[in-house]
Amino acid sequence: MYPEIFNSNMFTLLAEAEVGKHFYWNIAGFLAHGQVLLVIWFVIIILLLLAVLGTRNIERIPTGFQNFMESAVDFVTDIARDQLGESFYKEWIPFIGTLFFFIFGCNWAGALIPWKLIELPEGELAAPTNDINTTVALALLTSFAYFYAGFSKKGLGYFKRYIQPIPLLLPINILEDFTKPLSLSFRLFGNILADELTVTVLTSLVPLVIPLPIMILGIFAGSVQALIFSTLAAAYIAEALE
Amino acid sequence: MDSIISAASVIAAGLSIGLSAIGPGIGQGNAAGQAVEGIARQPEAESKIRGTLLLSLAFMEALTIYGLVVALALLFANPFNS
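Protein chains in written order, with the working numbering: chain F, 1 to 242; chain Y, 1 to 82.
It should be emphasised that the hints constitute simulated quantities derived from the structure, not laboratory data.
It is possible that some hints are incorrect.
Unchecked claim - Simulated restraints on C-beta separations:
| hint | chain 1 | residue 1 | chain 2 | residue 2 | range |
| --- | --- | --- | --- | --- | --- |
| 1 | Y | Gly51 | F | Ile45 | 30 to 38 angstroms |
| 2 | F | Leu112 | Y | Gly51 | 22 to 30 angstroms |
| 3 | F | Trp25 | Y | Gly18 | 32 to 40 angstroms |
| 4 | Y | Pro43 | F | Asp78 | 17 to 25 angstroms |
| 5 | F | Asp78 | Y | Gln34 | 18 to 26 angstroms |
| 6 | F | Ile216 | Y | Ala12 | 25 to 33 angstroms |
| 7 | F | Leu112 | Y | Ser47 | 23 to 31 angstroms |
| 8 | F | Pro167 | Y | Gly14 | 39 to 47 angstroms |
| 9 | F | Leu31 | Y | Glu37 | 50 to 58 angstroms |
| 10 | Y | Gly29 | F | Ser223 | 21 to 29 angstroms |
To be verified - Per the computed footprint, the stretches of chain Y lying under chain F, defined by three or more beta-carbons under 8 angstroms from a beta-carbon of chain F, are:
| hint | stretch |
| --- | --- |
| 11 | 50-58 |
| 12 | 61-68 |
Fair warning: this is a prediction, and the values are worked out from it, not measured in the lab.
Backbone N, C-alpha and C define an ideal beta-carbon position, used for all residues, glycine too.
Can you make the complete structure from the sequences, with help from the hints?
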């Protein structure tokens, strides 16, 4: 995917960030980005393990790990309740919570685990959210979710929303349905990729100490982006339910 | 790849990230200044203000990130690179 010219000059000498190089898997005729799938399954297994460990022997008065998991679920519940309001938030907690934990896990998995130690034939293991396909999939899920929310609540009356203040705004309201997933996916993708690129460039310039603040910023940005994605998803669903 | 196209893409990538940093920079400065003012006036509301500030800063940062995505597309996935 690199233009020829970048392979030979200082762009790639300085930063070995392998943007656009993938470890392709051929699954039933479809090309899949293997490095993304590997890390995604790693994150899913970690999340499942945490969930199983947190709920293995549930007690009325939580102790130890159950305490931690309950506070995590409380945090997600607060996101949903803040946006959706008391009457609707319960049925959307699973969706919002899954989005938050998955994106959070993906971002932190990319930032905390030294994936570069594992060599792949092509491409490299990194945060799955630095592949635009992952973020677009998440954003499209959000789109379907708010359409589903609107339809299940209002039926075909949902389309009244498009001519809501005045019919003149119809094109802008339709455009909004396309810009929502676009901005959601680009925001997440760009933030994570930007962090990884900055860290790679700084590491290749000064390998010690100097990249540390950027890495810490990356960990922070990863959690904030997960929070923003889930908050926005909840806000869009709330808008459709209104 | 045509050298004119690659030169134009590199310049465009620089411009896109540079120009898209101006607006959010001003916006973030405004927001942070107002937040500091709010904290100075009402120190007990600090945690609430900080949460809102961080969230809105991230929203503004997203605008720069759009420019960055365009720059990255120009550099690594140039559509005119036949």
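Ala12/Y and Ile216/F - C-beta distance against the hinted 25 to 33 angstroms
With Cβ atoms ~32 angstroms apart, the hint holds.
Quick one: are Asp78/F and Gln34/Y within 18 to 26 angstroms, going by C-beta?
25 angstroms, holds
C-beta pair Gly51/Y, Ile45/F: status relative to the range 30 to 38 angstroms that was hinted
31 angstroms, holds
Return holds or violated for the Cβ distance of Leu112/F and Gly51/Y against the range 22 to 30 angstroms.
Roughly 24 angstroms apart at Cβ, these two residues keep to the hinted range, so it holds.
Starting from the range 32 to 40 angstroms, see whether the pair Trp25/F and Gly18/Y falls in it by beta-carbon distance.
38 angstroms, holds
At least three residues with a C-beta closer than 8 angstroms to a C-beta of chain F: is that true for the stretch 61-68 of chain Y?
With 5 residues close enough to chain F, the hint holds.
CB of Leu31/F to CB of Glu37/Y, is that within 50 to 58 angstroms?
Cβ of Leu31/F to Cβ of Glu37/Y: about 53 angstroms, so the range 50 to 58 angstroms holds.
C-beta pair Leu112/F, Ser47/Y: status relative to the range 23 to 31 angstroms that was hinted:
26 angstroms, holds
Please test the hint of 39 to 47 angstroms on the beta carbon pair from Pro167/F and Gly14/Y.
43 angstroms Cβ-Cβ, so the 39 to 47 angstroms window holds.
Taking 21 to 29 angstroms as the hint, is the beta-carbon distance of Gly29/Y and Ser223/F inside that range?
24 angstroms, holds
Consistency of beta-carbon spacing, Asp78/F to Pro43/Y, with hint 17 to 25 angstroms
Because 24 angstroms falls inside the window, the suggested range holds.
Check whether three or more residues of the stretch 50-58 of chain Y sit with their beta carbon closer than 8 angstroms to a beta carbon of chain F.
Since three or more residues must qualify, the claim that chain F covers the stretch 50-58 of chain Y holds, with 3 doing so at under 8 angstroms.
Every hint from the earlier list agrees with this structure, and none is contradicted.
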